[in-house]
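Asks: Below are the chains, spelled out letter by letter.
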Amino acid sequence: MTQRVKKLLELLQKREFRNCRISKDLNITRQTEQMNKIERDIIRLSVMLENETPLIFEGERIGFNRTLYEIPYYIDENGNRSGLGFGNFTPDYANVISKGFDQILDEIRQKLEGCSDGQAEFLKAAEHAVQSVLKFAVQYKEEAKKKNNTELYEALSQIPHKGAQTFYQACVFMKLIIFTLRCNANAHITLGRFDQYMYPYYLKDIQLGVTNDEILESIEEFFISINMDTDLYPGVQQGDNGQSMVLGGCDKEGNDVFNTLSGLCMQASLELNLIDPKINLRVSKKTPFQLFELGTQLTKKGLGFPQYCNDDVVIPGLVKLGYDYEDAVNYTVAACWEFIVPSCGADIPNIITMNFPMVVNDTLHNFILECDTFEQFMEKVSHEVRAECDRLIESSFWQISLSPYASLFIDGCLEKAMDLSQNAAKYNNSGCHGAGISNAADALAAVKKLVFKDKTLGKLELLDALNSNFEGLEDLRHSLLSCPKMGNNDDYVDQIACKLMDVFANYLNGKKNNRGGVFRAGTGSAMEYILSAKKVSATADGRKAYEPYGSSFSPALTTNLNGPLSVIQSFTKYDMRNIINGGPLTIEIHDTTFRNDEGITKVAQLVKAFIELGGHQLQLNSINRERLLDAQKHPDKYPNLIVRVWGWSGYFNELDLPYQEHVIKRTEFSL
Amino acid sequence: MSITGKVFSIEEFSTFDGPGIRTTVFLKGCPMKCMWCHNPEGQSFESQIVKNTNGCTGCGRCLDVGERLTGKRTLVNESISACPQNLIRLCGIDYTPQELTAKLLKNVAILNGSGGGITFSGGEPLAQVAFLKQCLMILKDHTHLALQTSGYCDETIFKNMLSYLNYVLFDLKFIDQDRHMQYTGASNTIIINNFKTLCQSRAQFCVRVPLIPDVTDTAANITAIAKLMNENGARYVELLPYNKMAGGKYAMIGKKYCPTFNEQKAVEIHDEIFRRYGIEMNVL
Numbered sequence: 021m022t023q024r025v026k027k028l029l030e031l032l033q034k035r036e037f038r039n040c041r042i043s044k045d046l047n048i049t050r051q052t053e054q055m056n057k058i059e060r061d062i063i064r065l066s067v068m069l070e071n072e073t074p075l076i077f078e079g080e081r082i083g084f085n086r087t088l089y090e091i092p093y094y095i096d097e098n099g100n101r102s103g104l105g106f107g108n109f110t111p112d113y114a115n116v117i118s119k120g121f122d123q124i125l126d127e128i129r130q131k132l133e134g135c136s137d138g139q140a141e142f143l144k145a146a147e148h149a150v151q152s153v154l155k156f157a158v159q160y161k162e163e164a165k166k167k168n169n170t171e172l173y174e175a176l177s178q179i180p181h182k183g184a185q186t187f188y189q190a191c192v193f194m195k196l197i198i199f200t201l202r203c204n205a206n207a208h209i210t211l212g213r214f215d216q217y218m219y220p221y222y223l224k225d226i227q228l229g230v231t232n233d234e235i236l237e238s239i240e241e242f243f244i245s246i247n248m249d250t251d252l253y254p255g256v257q258q259g260d261n262g263q264s265m266v267l268g269g270c271d272k273e274g275n276d277v278f279n280t281l282s283g284l285c286m287q288a289s290l291e292l293n294l295i296d297p298k299i300n301l302r303v304s305k306k307t308p309f310q311l312f313e314l315g316t317q318l319t320k321k322g323l324g325f326p327q328y329c330n331d332d333v334v335i336p337g338l339v340k341l342g343y344d345y346e347d348a349v350n351y352t353v354a355a356c357w358e359f360i361v362p363s364c365g366a367d368i369p370n371i372i373t374m375n376f377p378m379v380v381n382d383t384l385h386n387f388i389l390e391c392d393t394f395e396q397f398m399e400k401v402s403h404e405v406r407a408e409c410d411r412l413i414e415s416s417f418w419q420i421s422l423s424p425y426a427s428l429f430i431d432g433c434l435e436k437a438m439d440l441s442q443n444a445a446k447y448n449n450s451g452c453h454g455a456g457i458s459n460a461a462d463a464l465a466a467v468k469k470l471v472f473k474d475k476t477l478g479k480l481e482l483l484d485a486l487n488s489n490f491e492g493l494e495d496l497r498h499s500l501l502s503c504p505k506m507g508n509n510d511d512y513v514d515q516i517a518c519k520l521m522d523v524f525a526n527y528l529n530g531k532k533n534n535r536g537g538v539f540r541a542g543t544g545s546a547m548e549y550i551l552s553a554k555k556v557s558a559t560a561d562g563r564k565a566y567e568p569y570g571s572s573f574s575p576a577l578t579t580n581l582n583g584p585l586s587v588i589q590s591f592t593k594y595d596m597r598n599i600i601n602g603g604p605l606t607i608e609i610h611d612t613t614f615r616n617d618e619g620i621t622k623v624a625q626l627v628k629a630f631i632e633l634g635g636h637q638l639q640l641n642s643i644n645r646e647r648l649l650d651a652q653k654h655p656d657k658y659p660n661l662i663v664r665v666w667g668w669s670g671y672f673n674e675l676d677l678p679y680q681e682h683v684i685k686r687t688e689f690s691l
Numbered sequence: 008m009s010i011t012g013k014v015f016s017i018e019e020f021s022t023f024d025g026p027g028i029r030t031t032v033f034l035k036g037c038p039m040k041c042m043w044c045h046n047p048e049g050q051s052f053e054s055q056i057v058k059n060t061n062g063c064t065g066c067g068r069c070l071d072v073g074e075r076l077t078g079k080r081t082l083v084n085e086s087i088s089a090c091p092q093n094l095i096r097l098c099g100i101d102y103t104p105q106e107l108t109a110k111l112l113k114n115v116a117i118l119n120g121s122g123g124g125i126t127f128s129g130g131e132p133l134a135q136v137a138f139l140k141q142c143l144m145i146l147k148d149h150t151h152l153a154l155q156t157s158g159y160c161d162e163t164i165f166k167n168m169l170s171y172l173n174y175v176l177f178d179l180k181f182i183d184q185d186r187h188m189q190y191t192g193a194s195n196t197i198i199i200n201n202f203k204t205l206c207q208s209r210a211q212f213c214v215r216v217p218l219i220p221d222v223t224d225t226a227a228n229i230t231a232i233a234k235l236m237n238e239n240g241a242r243y244v245e246l247l248p249y250n251k252m253a254g255g256k257y258a259m260i261g262k263k264y265c266p267t268f269n270e271q272k273a274v275e276i277h278d279e280i281f282r283r284y285g286i287e288m289n290v291l
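Chain order of the listed sequences is A and B. When the letters of the first sequence are read in order and numbered with the numbering used here, they come out as residues 21 to 691. When the letters of the second sequence are read in order and numbered with the numbering used here, they come out as residues 8 to 291.
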């Protein structure tokens with residue numbers, strides 16, 4: 021890390037620079053009263069950019085830092101405040117960065133000749149947006165000149181009018197695009213395959229004698245720069261801002277394309293320790309082992325990434341859903357873990373949630389008494405899962421907002437002179453989360469075993485216990501908790517989970533949405549492992565009312581787990597190509613496991629084993645402090661939290677308070 | 008009828024008990040009583056009802072059951088399912104060699120894929136030698152087998168067991184007889200003899216030294232260990248620095264942890280001594 025980068029990092033970490041931001045109530049309702057929505061949104065962008073003040077920190081070469089807290093708004097004819105526009109996609113940065121906005125304007129003007137009125141409206145709005153952005157960029161150029169910031173001044177003399185000539189200029193251009201899309205109310209702007217679309221600029225620089233160290237410096241400045249304003253894009257929680265980056269993976273010919281630039285991005289992430297970009301590593305059976313070790317070095321930092329995505333599973337899965345192979349092979353990750361295609365995709369991968377435990381519970385309450393065998397009951401459950409799919413599809417008819425400016429970054433929109441909201445993109449699919457799969461499978465396994473096989477639990481007795489939230493029925497709850505659980509490599513329950521996923525995915529995949537696309541079934545939960553769980557009373561797996569599920573595709577929180585080897589086997593039994601909207605298995609590993617090279621290698625071997633077993637997505641955590649503190653308050657929620665103590669491991673819950681305190685204290689420094 | 012062994016824990020993905028990814032099986036019961044023992048639930052050869060005291064609301068239902076069944080306010084098997092917090096469990100499960108090995112072999116592909124295998128630890132695994140031997144015989148052709156031992160075991164048995172093992176993690180605590188007796192409750196004569204047997208065998212092994220402040224980490228003790236290793240051609244040692252969490256599990260089995268040494272003191276790592284004797288060292 022260079023001195024300059026170090027100083028910028030300090031500036032970022034002190035956060036004082038955010039004090040110069042101001043709050044301005046930019047209500048544009050009146051001035052745009054006579055306009056339609058498309059015009060209003062364009063005015064919103066131009067008003068925003070006119071009110072922004074150039075802010076270039078000392079020593080930085082990127083710029084485009086926010087000085088306003090909020091973007092302008094208007095109250096529409098229905099009395100609603102204008103909200104966020106389209107988001108959670110990977111823009112086609114490469115196209116705009118290589119051409120520059122002048123050429124984009126030329127293309128717009130060419131299209132304007134002989135187009136329809138509707139097309140003209142879109143094209144004029146897009147042109148207006150680009151003009152506002154160009155005008156704004158001039159302000160930054162002048163500010164750079166005033167501050168004697170030669171490098172930024174020279175960069176802005178080239179871009180954004182013309183295409184970027186160097187790697188550094190391409191970084192500045194990217195930041196400008198991200199900044200302006202945010203000002204245009206587009207949220208969750210992901211970074212996509214940065215190491216691929218930036219690679220031509222890297223190669224050109226290297227040929228001209230630029231060193232890898234200099235490239236690294238540009239990457240680190242860019243990474244710092246995209247962290248400057250993350251407090252303004254909180255999403256559901258601070259940090260949920262969608263700035264995911266995908267490194268490595270294969271090309272159309274199946275070659276591994278992890279390159280020197282990918283390695284430099286990993287190095288930058290390792291050195292900076294920042295929440296963004298959230299690194300996703302695309303891997304496969306062919307991935308060299310060293311990459312798993314490098315990824316594990318990053319996991320050791322305790323930031324919760326990289327997240328691994330398995331090309332061997334994801335690409336065929338997307339092809340099965342109807343994506344062309346050339347697009348599927350280029351897949352990226354949306355804000356969290358949704359598999360999307362960059363540039364030509366306008367999917368909404370998180371539009372609905374299948375709440376599995378709720379469906380199982382409702383079926384139990386409504387139909388168990390009339391079932392004589394578990395098979396009959398499972399038939400009812402399958403029927404209800406399909407019925408819930410229908411209800412969810414019905415509820416998901418959603419019109420996305422017009423977004424002419426964002427449309428310039430989606431292939432197909434300008435060619436067709438149509439907004440992305442008019443389904444101009446090649447892909448307009450919708451994704452469905454699958455929350456609480458393990459809790460649901462566990463509940464079914466308990467019903468199968470105790471009610472139908474052992475016959476030690478009466479149907480009414482079970483229903484009463486669930487209705488009373490197990491009050492005074494500890495024995496009964498204990499027998500439910502002692503049944504086979506997903507995560508312990510036990511076919512008894514794992515096959516039930518496979519059946520649930522099969523019914524869900526086979527029914528939902530390919531169903532038409534209202535945007536000319538199809539639905540895609542997934543294993544993610546987003547925040548639904550808490551929110552959806554809050555709506556569901558006690559379940560037959562022994563979970564008490566309203567308590568959370570396991571996050572995404574993970575074991576239930578109350579499961580007494582054998583360990584990670586059993587977990588990765590349980591969660592790779594289903595053919596994951598069939599349920600590929602995304603949603604990772606999460607494994608927690610104590611930070612001391614990472615303390616030497618031997619530990620790093622073994623964690624990397626675990627990841628490799630998961631990939632070889634056909635897992636689709638994996639995220640590992642080096643155990644964090646908040647979780648430990650919560651575990652102290654609610655030990656029953658974390659029966660599997662293992663801490664490495666002294667050449668040995670123990671369950672956190674089983675340690676006396678002072679020893680727990682010690683573990684927690686240690687995380688203050690190591691995480 | 009098949010014999011059974013008593014197991015108090017099976018740990019998947021144990022990363023510091025031998026090469027590669029391993030599953031470590033902890034056999035219950037130990038003839039020694041080391042003052043710093045961090046697995047006190049592994050000392051007794053009997054199954055025990057253990058209660059995790061963290062999260063206990065003191066509702067007393069576990070003791071109510073005991074009183075109803077035995078007349079005394081004590082933990083009984085039935086207390087396990089009486090606890091609303093699910094904090095009580097049976098420590099010490101009986102397995103036949105067939106049951107245990109079937110369970111372990113479910114993960115064998117991953118273990119072998121990483122160059123790892125299965126480690127038997129304890130307690131003292133050699134204290135259940137008949138059971139251990141049957142397990143090793145079943146597993147022998149499937150995976151890499153390691154043993155973590157105090158070396159406190161009949162010399163003929165020890166020698167005999169080596170032929171079933173690919174790797175041995177052998178503890179050396181003190182060379183001085185009196186101090187060994189004082190801190191572990193056992194003589195080290197057998198241990199040192201077994202160590203010599205190990206060194207003369209073809210088995211791969213490493214020496215492990217728990218570093219206890221002012222107890223085992225003294226220059227005199229480390230020099231004696233390094234010297235013994237050198238004389239017998241042992242070239243690799245792993246040091247396990249004392250961690251203040253060693254006493255964490257005593258309350259769980261209703262015991263008190265009473266170390267006479269100063270837990271707060273940092274341990275000494277005498278790397279120069281091992282270097283002088285040409286021994287490679289790794290601190291875990």
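No lab work stands behind these hints, which were simulated from the structure alone. Hints are not guaranteed to be accurate.
[Claimed, not checked] Derived DMTMM-like pairs (lysine to aspartate or glutamate); straight-line CA-CA distance at most 25 Å:
#	chain 1	residue 1	chain 2	residue 2
1	B	K40	A	D650
2	B	K113	A	D650
3	A	K479	B	E85
4	B	K251	A	D595
5	B	K113	A	D595
6	B	K110	A	D510
7	A	K657	B	E106
8	B	K251	A	D617
9	B	K251	A	D511
10	A	K564	B	E106
11	A	K593	B	E238
12	A	K564	B	D71
13	B	K262	A	D656
14	B	K251	A	D676
15	A	K657	B	E85
[Claimed, not checked] Which residues of chain B face chain A? A partial, calculated answer using Cβ under 8 Å:
#	residue
16	I28
17	N61
18	N93
19	I117
20	G120
21	S121
22	G240
23	R242
24	A258
25	K262
26	C265
[Said to hold, decoys possible] DEER-style ranges, computed between Cβ atoms:
#	chain 1	residue 1	chain 2	residue 2	range
27	A	E30	B	K203	36 to 44 Å
28	A	E646	B	G67	53 to 61 Å
29	B	E270	A	E234	35 to 43 Å
30	B	K272	A	L633	22 to 30 Å
31	A	Y512	B	K203	47 to 55 Å
32	A	L677	B	K203	53 to 61 Å
33	B	C265	A	T476	42 to 50 Å
34	B	G78	A	K473	20 to 28 Å
35	B	K40	A	D511	36 to 44 Å
For every residue, glycine included, the Cβ atom is placed at its ideal position computed from N, Cα and C.
Asks: Are the hints correct? Go through all of them and say.
Replies: So, going through the hints one by one against the coordinates:
1. K40(B) x D650(A): Status violated; Cα separation ~35 Å.
2. K113(B) x D650(A): 33 Å, violated
3. K479(A) x E85(B): Holds, because 24 Å separates the two Cα atoms, which is no more than 25 Å.
4. K251(B) x D595(A): 46 Å, violated
5. K113(B) x D595(A): 20 Å, holds
6. K110(B) x D510(A): 10 Å, holds
7. K657(A) x E106(B): Answer violated: K657(A) to E106(B) is near 30 Å, above 25 Å.
8. K251(B) x D617(A): Holds - the C-alpha atoms of D617(A) and K251(B) are around 24 Å apart, at most 25 Å.
9. K251(B) x D511(A): 40 Å, violated
10. K564(A) x E106(B): Distance ~33 Å between K564(A) and E106(B) Cα, so the pair is violated.
11. K593(A) x E238(B): Since the Cα atoms of K593(A) and E238(B) sit roughly 52 Å apart, the hinted pair is violated (cutoff 25 Å).
12. K564(A) x D71(B): With a Cα-Cα distance of about 24 Å, the restraint between K564(A) and D71(B) holds, given a limit of 25 Å.
13. K262(B) x D656(A): This hinted pair holds, its Cα atoms lying about 23 Å apart.
14. K251(B) x D676(A): 11 Å, holds
15. K657(A) x E85(B): Judged against 25 Å, a Cα distance of about 22 Å means the pair holds.
16. I28: Holds - the Cβ of I28(B) comes within 8 Å of chain A, reaching about 5 Å at its closest.
17. N61: 5 Å, holds
18. N93: Holds. Min distance 6 Å.
19. I117: 5 Å, holds
20. G120: 6 Å, holds
21. S121: Since chain A brings a Cβ to about 4 Å from S121(B), closer than 8 Å, the hint holds.
22. G240: With Cβ-Cβ at 24 Å, over 8 Å, it is violated.
23. R242: This interface hint is violated because 18 Å lies over the 8 Å limit.
24. A258: 5 Å, holds
25. K262: 12 Å, violated
26. C265: Nearest chain A Cβ about 14 Å off; hint violated.
27. E30(A) x K203(B): 36 to 44 Å: Between E30(A) and K203(B), where Cβ atoms are some 59 Å apart, the hint is violated.
28. E646(A) x G67(B): 53 to 61 Å: 32 Å, violated
29. E270(B) x E234(A): 35 to 43 Å: Because 51 Å falls outside the window, the suggested range is violated.
30. K272(B) x L633(A): 22 to 30 Å: 46 Å, violated
31. Y512(A) x K203(B): 47 to 55 Å: Check passed, 49 Å falls within 47 to 55 Å.
32. L677(A) x K203(B): 53 to 61 Å: For L677(A) and K203(B) the Cβ distance comes to about 44 Å; the hint is violated.
33. C265(B) x T476(A): 42 to 50 Å: Given range 42 to 50 Å: holds, Cβ gap about 45 Å.
34. G78(B) x K473(A): 20 to 28 Å: 36 Å, violated
35. K40(B) x D511(A): 36 to 44 Å: 42 Å, holds
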